[in-house]
Amino acid sequence: MNEENISAHGRQFLGRRDFLSQVAMGIGGLSLQSLLAGDGMKVPIRPSIDPQNPYAPRGTHFETPAEQVLVIYCPGAVSHVDTFDYKPELIRYHGKKPPGLPAVTFEGPSGNIAKPFWDFKPRGESGKMTSDLLPHLGGLADEFCFMHSLPTSTSAHPQGENFMNTGFTMEGFPSFGAWVTYALGTANEQLPSFVAINDPRGMARSGKNNFGSGFLPAAFQGTAFNAKNPPANLVRPDSLSPAAERKSVDLLRRLNAKHLEQYPDDANLSARIASYELAGRMQTSVPDIMTIAGEPESIHKEYGTDAGSDLKREYAKNCILARRLLEKGVRVVQLFNGSDPSGGNGITNWDSHNDIAKTHAMQAEIMDQPTAALIADLKRRGMLDKTLVVWCTEFGRMPFLQANGTGRDHNPEAFTCFLAGAGVKKGFSYGSSDEFGFKSAENPTSIYDFNATLLHLMGLDHERLSVYHSGIERRLTNVHGHVVKDVLA
Amino acid sequence: MSRSFTAVSLLVLSASAAQAVDFDTEVWPILENNCTDCHDQDASKSGFRVDLRSAFLKGGDSGLAAIDLENPESSYLIELVSGKIEDLPMPPKGDQLPKKDISTLLEWIKEGAVWPGQMEGKTEHAEATLWSLQPLDPVDKFNEKASPIDAFLEEALLSKDLGFSEPAQAGALLRRASVILTGLYPTYDEVEAFVTRFIEDPETAYRDEVDRLIASPQFGERWAQHWLDVIRWAETNGSESNLYRKNAWIYRDYVVNAFNNDIGYDRFLQEQLAGDQLGADAATGFLVAGPHVPAATVGREPAAKRQARADRLDEVMQTVGASILGMTVSCARCHNHKFDPISIQDYYGLSAVFQGVEFDGRFVTETRDHPKIEKRPDLLAGIEQIRKQQREKGAVWKEDWKAHTEIGFPTVKAKEIRLRFHWKRVRLDEIELLAPNSSSNLLLAHTGVEVSEPEANRAPLGSIDYLNDGMFGTNAWMAREVADAPGHPNEGKPYIEFEWPEEQEISGARLSVNRTYALGTDFIKAYSQKVPEFTLERKVGDKWVTVVSRPKALEEIQPLVDQYVATGPQFSFVGRFEEKPPVTQLLLRGSPENPRGEVVPAGFSVIDGDLGLDSSTLDHERRLAFGDWVTSGENPLTSRVFVNRVWHHIFGNGIVTTTADFGEAGARPSHPELLDWLATRFQTPVVDGGQGWSVKALVRELVLTQAFQQSSAPDKAALAVDGATTLLWRYPPRRVEAEVLRDSMLRSAGVLDTTLGGESFRIHNVKATYSQWEVVDNSSESTWRRLLYQERMRRVDDQMFTAFDLPDCGQVADKRTISTTPLQALNLMNSDFIMTVSKRMESRFENLTDEQAIDQIVREVLSRRLETDEMNQALAFVREQGLAAFCRVIYNTNEFAFLP
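Just so you know, the sequences run in chain order U and C.
According to the numbering used here, numbering within the first sequence proceeds without interruption in unit steps and concludes at 490.
According to the numbering used here, numbering within the second sequence proceeds without interruption in unit steps and concludes at 915.
Hints were generated in silico from the structure; no laboratory data involved.
Idealized CB from N, CA, C, for every residue including glycine.
Each hint should be verified, as a subset may be incorrect.
Pairwise CB distance ranges, derived in the manner of DEER restraints [stated by the list, open to error]:
no.	chain 1	residue 1	chain 2	residue 2	range
1	C	T219	U	D51	43 to 49 Å
2	C	E514	U	N113	33 to 39 Å
3	U	K359	C	N86	54 to 60 Å
Distance condition first, Cα-Cα at most 30 Å in a straight line; then the derived DSSO-like pairs of lysine-lysine [as the list claims (entries may be wrong)]:
no.	chain 1	residue 1	chain 2	residue 2
4	U	K229	C	K782
5	C	K60	U	K486
6	U	K486	U	K380
7	C	K408	C	K430
8	U	K486	C	K108
9	U	K427	U	K122
10	U	K43	C	K60
11	C	K261	C	K417
12	U	K122	U	K97
13	U	K43	U	K387
14	U	K116	U	K359
15	C	K99	U	K440
16	C	K320	U	K440
17	U	K98	C	K567
18	U	K359	C	K439
19	C	K408	C	K567
20	U	K440	C	K108
21	U	K427	U	K387
22	C	K567	C	K430
23	C	K99	C	K320
24	U	K359	C	K540
25	U	K259	C	K854
26	U	K248	C	K854
27	C	K320	U	K98
28	U	K486	U	K426
Turn these sequences into a full structure, and let the hints guide you.
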């Protein structure tokens with residue numbers, strides 16, 4: 002039985018309560034509930050999706066301050082030991098090779114321990130030690146809740162991106178943003194419910210998979226656009242005048258109305274009619290939201306659209322766009338800082354196997370000021386009270402150098418992400434890596450735990466937000482995950 | 016498994032002599048004090064309890080027996096309590112058991128785990144209570160009816176006071192049949208001809224039309240796509256570089272042809288599992304249809320490589336499980352299946368069947384589906400003859416085989432060989448030195464050869480080990496010039512030396528830069544495959560003597576080589592096979608780092624999966640045996656799963672709605688008797704002397720039912736009883752797939768290129784290895800073939816039809832999601848594609864009057880004529896906006912997008 006396939010009529014007659022039990026019976030025959038319960042699993046909460054308006058706002062599983070979420074994703078793996086995870090032992094052991102570190106890592110033979118390439122200083126009232134590589138973000142340390150003991154299960158980028166963004170290393174699973182919009186819909190139906198703002202250089206290595214809908218309905222995939230490029234096919238073709246467009250839409254409406262007479266109350270047909278109306282509204286609302294030129298000069302200055310490298314200026318515009326989208330109530334904004342294809346300055350993302358001193362610095366120049374400005378701007382507007390901010394990457398980098406002596410290899414055993422905003426502790430650090438930043442030590446937080454916590458912050462029980470696909474109740478957290486209660490405000 | 020259990024119980028009986036350990040006073044207290052809180056009859060955590068001897072022999076969810084009477088020390092119980100399983104200490108909290116207790120337990124096991132009163136207790140075998148694992152049980156109660164299928168359906172309808180709806184109108188019926196059978200709406204000529212005949216004799220007219228559609232080549236194209244969806248077939252790897260899989264499309268054509276030629280579903284499965292043995296090389300593309308992470312992007316850690324291999328094998332499991340068996344096999348990868356009687360042993364038994372399969376290509380020679388391939392033994396013989404003549408003449412020469420360079424010279428004897436390169440930078444994935452006549456590679460490890468290079472020339476990451484490891488691809492030897500190197504034997508440039516324990520005869524060499532990329536992928540800005548210039552020398556006494564230096568191409572031979580490369584067997588991504596696969600191990604909790612003993616190739620034990628194979632069985636014999644097992648007619652899943660899938664595609668929902676899960680957590684059949692009747696009938700020849708497993712006969716029978724031919728109009732009363740139309744009181748209307756929309760648009764505009772099969776049409780760029788595919792042209796004339804032939808790049812948005820729930824080929828898509836999004840509307844209103852097609856449609860009818868042109872367009876797109884009020888609106892619109900704008904509107908109507 003396919004929930005989406007049932008007409009409005011069918012639904013009316015079945016009634017909500019009966020309908021749900023029918024669905025459950027349909028899947029299990031014996032009753033899915035009893036199967037799941039017998040196995041200690043929780044019964045899924047299915048969002049009630051109106052086919053005529055799949056984006057209508059829907060309730061959370063429990064109360065939560067967060068209404069929206071901003072995910073800032075940094076592909077390529079940011080070096081935790083050079084940014085937010087201060088390890089004085091690295092200074093002490095600089096140039097040495099302490100026992101217990103592996104001979105071969107992802108790219109090959111390993112070299113010696115290297116101290117952080119940038120100095121660390123205490124920041125804010127919390128005195129959090131962060132490095133000079135990201136001074137603007139460091140200045141906001143009192144707002145952040147750092148998580149220092151994240152391990153992942155892969156040391157390859159695309160699998161790592163997949164894991165972080167979809168909960169599985171393999172491809173084809175729904176992204177975090179898709180799960181959230183599937184569950185919650187959106188507050189502003191004039192705009193897409195989930196926007197993926199790709200880096201000015203292009204998409205990250207896992208491409209569309211990072212914001213895809215997997216086996217959830219395509220309606221819940223992220224819509225890709227940024228400050229420069231509108232979504233594909235948004236704009237009316239040049240050959241058609243506005244009047245021609247109006248009349249076309251009008252004729253279409255009449256033909257569809259006539260057709261609907263044969264199938265009165267068929268929700269699938271009226272849903273499609275509604276989708277054309279929404280598309281029409283998006284043709285105005287999206288260009289409006291993309292027009293950041295009207296923002297005050299002070300904002301442009303703060304975000305940095307006026308100074309620095311071309312890529313930084315472009316990324317800064319994306320940051321302004323992100324704020325404008327959140328302001329309008331878009332449920333999920335995923336902002337990328339890094340890509341796969343090369344562009345601009347010759348680096349593509351945070352991957353720094355060679356000359357990390359140079360490549361991380363170039364990437365940091367792009368990311369630091371605009372991202373910090375975005376978070377500060379959200380705070381100033383009071384939006385952090387209802388917006389969850391997540392800054393993340395797929396894994397960390399090694400405390401020692403590669404054999405080439407200038408770069409750090411992938412470190413899947415420990416890395417740092419931070420949260421901020423609605424529902425999250427401020428000026429707080431959770432968990433820690435070992436003395437070298439090599440492995441997670443205190444309170445290791447798996448990606449499953451991390452994602453369970455994000456869903457919890459959005460008011461969703463990660464064990465009950467599931468969808469039936471090919472024989473399995475699929476979740477963002479697979480069959481794992483515990484909410485990290487310690488980071489909740 | 017059953018055999019090893021038998022062996023175990025024999026052993027138990029013979030071991031009951033003098034015991035040193037007493038169960039009741041020594042063993043039970045340990046268990047009771049430490050284990051029973053979580054593992055007794057009330058709380059059997061992880062499916063394990065300690066109060067039954069049989070439970071120890073069977074083990075819990077992990078799938079491992081807790082005690083191993085043959086190897087007591089490696090009993091899982093002993094490993095757990097001694098803390099050997101790092102992240103799973105038992106007991107989980109508090110102190111470890113005292114050493115004394117552990118040795119008591121071990122001693123107890125060594126003595127046969129004697130448990131007074133329970134020695135008769137048998138090891139439980141998984142019992143097949145699951146409905147889908149029962150033998151087919153057809154009830155022939157309606158066999159005398161004209162359509163037994165309708166009779167089964169009507170019986171269920173009557174029980175709810177429902178019945179079939181009125182017959183559908185002729186036009187709607189043809190639209191429906193045409194889309195279901197060929198994936199295309201009919202042309203108006205077809206509609207008109209049909210309606211005329213339908214008025215005279217509806218039954219004959221419809222049957223003839225169905226036969227015509229089933230016989231059309233578009234039938235195979237339509238049904239191939241359904242199959243490709245399930246196995247998530249695509250032409251790229253997915254993963255980091257998402258590389259194109261060269262010639263993977265021959266598998267797609269194989270599937271199209273298999274449906275068109277109606278080769279029988281049993282044969283279809285056998286060929287996909289072992290087509291290399293059955294004269295259908297392309298068919299094995301099935302096994303490697305899923306995504307995989309190529310070696311180049313796994314990294315260099317050995318554990319990561321092992322994990323990647325296990326993941327690749329799991330992709331094969333998913334393909335086989337979802338498509339053939341309709342079971343979620345992968346659920347048993349880490350522990351026994353939570354719901355279904357599939358144990359972790361079953362999973363690894365099944366994976367052993369495919370242990371010889373690798374995600375790669377091979378030179379295919381036996382295929383009906385590769386237009387390029389001829390074996391061309393004539394060319395090879397010609398090349399060999401010229402080589403022989405040249406050697407006799409004492410010549411040296413070079414052959415360019417595109418993926419590698421081959422050097423020939425008169426046979427020399429040497430114990431040491433040196434290659435001096437004349438380039439500053441050298442990169443080679445393999446060097447082979449060839450023995451005379453056999454062409455066998457003298458550099459493989461078994462010859463005892465030693466390879467060395469000067470330390471100073473080494474480049475990081477380019478280990479010399481890659482040079483003669485027998486493996487091609489991105490792991491390559493690299494070396495570079497050393498500046499300012501007085502006394503360097505090659506003036507600072509790279510060189511390499513080989514030395515054997517004994518003298519060898521050598522008559523040629525083969526070098527390549529990246530043979531994997533050159534053979535296996537395409538549309539990539541790869542580095543040059545040009546092999547560096549070199550001099551090959553042999554050592555005579557203490558001097559190096561030149562054998563070949565900077566050899567030149569030979570005019571007599573190169574054209575033959577070129578011809579062979581272009582027209583001979585083509586390297587195609589349809590799987591590579593290892594005849595002697597490594598022993599398959601059960602992997603505790605799915606981890607390749609925890610191998611737990613040998614598992615032999617087998618099907619599911621619960622449905623007689625013993626194939627009589629062992630770990631020494633050759634790869635192809637395993638796959639053949641498995642093919643026989645699934646198509647024997649005894650396997651209760653194969654035909655049930657397939658007829659249900661066909662039903663799903665014809666009626667919009669399966670009799671079992673969970674089409675890839677016939678397990679406990681899947682749906683029960685809405686019409687169980689009908690399902691079994693169909694599954695049985697499917698295996699039986701329709702006509703005497705004909706063959707069973709005919710897909711065309713099955714499809715034909717279903718679309719000739721009254722159920723299929725009835726109207727799709729809603730009915731309030733019926734909706735109240737059966738809102739989901741499960742009982743089929745009407746034909747359920749639904750949105751058509753992306754393919755139907757696109758292909759029908761092109762066809763109605765008169766521009767669809769109906770060429771059958773061949774290479775996919777391109778819409779993407781030629782990309783760098785590490786970058787994303789980008790759509791460069793998805794609308795111009797070169798793309799006007801059916802969407803089936805659009806190159807299928809995993810997880811790439813084609814900027815047009817992906818929004819219409821086109822699967823991204825990352826996961827099994829046994830059923831497509833059907834969603835409605837504004838992006839669909841934007842794509843269908845504003846894309847280059849819609850504008851181009853509308854323009855073409857306009858030019859098709861521009862010589863007619865407006866009214867005639869409108870009439871023609873609506874006929875072609877919607878198979879009907881406009882009513883007067885509609886025509887008036889249309890005329891007013893066309894007079895102002897033109898015909899192309901009108902076409903754009905018509906293509907966007909609900910009527911076009913929904914199957915009546």
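> Holds or violated: C/K261 with C/K417, Cα cutoff 30 Å?
Replying inline: holds, 15 Å
> Given the proposed pairing of U/K116 with U/K359, does the C-alpha separation stay at or below 30 Å?
Replying inline: holds, 15 Å
>> Run the distance test for U/K359 versus C/K439: straight-line Cα separation, threshold 30 Å.
In response: Holds, because 28 Å separates the two Cα atoms, which is no more than 30 Å.
> Do the alpha carbons of U/K486 and U/K380 lie within 30 Å of each other, as the hint requires?
Replying inline: holds, 23 Å
> Are the Cα positions of C/K408 and C/K430 separated by 30 Å at most?
Replying inline: At roughly 24 Å apart (the allowed maximum being 30 Å), C/K430 and C/K408 satisfy the hint.
> Hey, U/K427 versus U/K122, does the alpha-carbon distance stay inside 30 Å?
Replying inline: holds, 19 Å
> Given the hinted pair U/K259 and C/K854, is their alpha-carbon gap at most 30 Å?
Replying inline: holds, 26 Å
>> For a C-alpha distance cap of 30 Å, please report whether U/K43 and C/K60 respect it.
In response: holds, 16 Å
> Going straight from one Cα to the other, do U/K122 and U/K97 come out at no more than 30 Å?
Replying inline: holds, 24 Å
> Holds or violated: C/K320 with U/K98, Cα cutoff 30 Å?
Replying inline: holds, 26 Å
>> What's the verdict on U/K440 and C/K108, does the C-alpha distance respect the 30 Å limit or exceed it?
In response: It holds: about 23 Å lies between the C-alpha atoms, which stays within 30 Å.
> Is it true that the CA of U/K248 sits at most 30 Å from the CA of C/K854?
Replying inline: At roughly 18 Å apart (the allowed maximum being 30 Å), C/K854 and U/K248 satisfy the hint.
Hint compliance for this structure: hint 17 alone is broken.
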